[in-house]
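**Q** Sequence:
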Amino acid sequence: MDDFNTIRLKKKTIGKFKKYSKKISPSYSENLDFMIAFFEDNDLSPYDVLNENMTSVSNRINKRIDAVIAIFRNVEETQLKPTKKMLDSLFDGMKEKKPLLKEKKVLIEPALINDNEELSYYRKAYYKNNQKLTKLKYKVDSLLNSTKLVKNTFGSNYYSLKLSIQEFNSIKNELKKVDI
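Once you know that position 36 of the sequence shown is 970 in our numbering, the rest is easy, because the numbers rise by one and skip nothing.
There are no misleading hints in this set.
Simulated restraints, written as ranges between beta carbons of each label pair:
hint : residue 1 : residue 2 : range
1    : Lys944    : Asp982    : 18 to 24 Å
2    : Lys953    : Asn976    : 19 to 25 Å
3    : Asn1107   : Tyr1061   : 21 to 27 Å
4    : Thr940    : Phe973    : 20 to 26 Å
5    : Asn1064   : Leu1041   : 21 to 27 Å
6    : Val1084   : Ala1059   : 38 to 44 Å
7    : Lys1039   : Lys1073   : 32 to 38 Å
8    : Lys1039   : Leu1095   : 37 to 43 Å
9    : Asn976    : Lys1018   : 46 to 52 Å
10   : Val1009   : Lys1039   : 50 to 56 Å
11   : Lys944    : Ile970    : 18 to 24 Å
12   : Leu966    : Lys997    : 33 to 39 Å
13   : Lys1062   : Ser1098   : 27 to 33 Å
14   : Ser992    : Glu964    : 30 to 36 Å
If you are wondering where the hints come from, they were derived from the structure by calculation, not from laboratory data.
The beta carbon of each residue, even a glycine, is placed where N, CA and C say it ideally should be.
Just need the whole structure built from these sequences, with the hints factored in.
**A** Rendered as structure tokens:
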């Protein structure tokens, strides 16, 4: 155990120290040790003005930032701009290539004489597409009717299609023929 010793202090200073110690640590000795360690670790003196030290730290940081900015500017001048100039000179010499093959777009319009023929032409096209659509609806309906719900105990449920391979291939070929 450490031995205790006394120090003579003014009553006003002792009162301030006791109030401050109650906030920081349970014992006066421990509080005083913390204070001394703080001053030693930060290389401070009780007579130093803290703002001056913060100003000097701020000045050092600003000098470092200025040095980094100077390095970036130097890299830009010595490396980036010459590389960009070389690439620009390479691409300036190139001519724009035209595509070798062009797709010819020819629209074939039926030669119609009057409004009645035009109306009958579009009516026939409408009925033809309507028939294709009903065939497609019938095929999809038959496919949906040949499905069965399979309930899994561990996984998610799914639908199974009850078709033979020949039936599936025939439906597939028929759907390829239908163009809408």
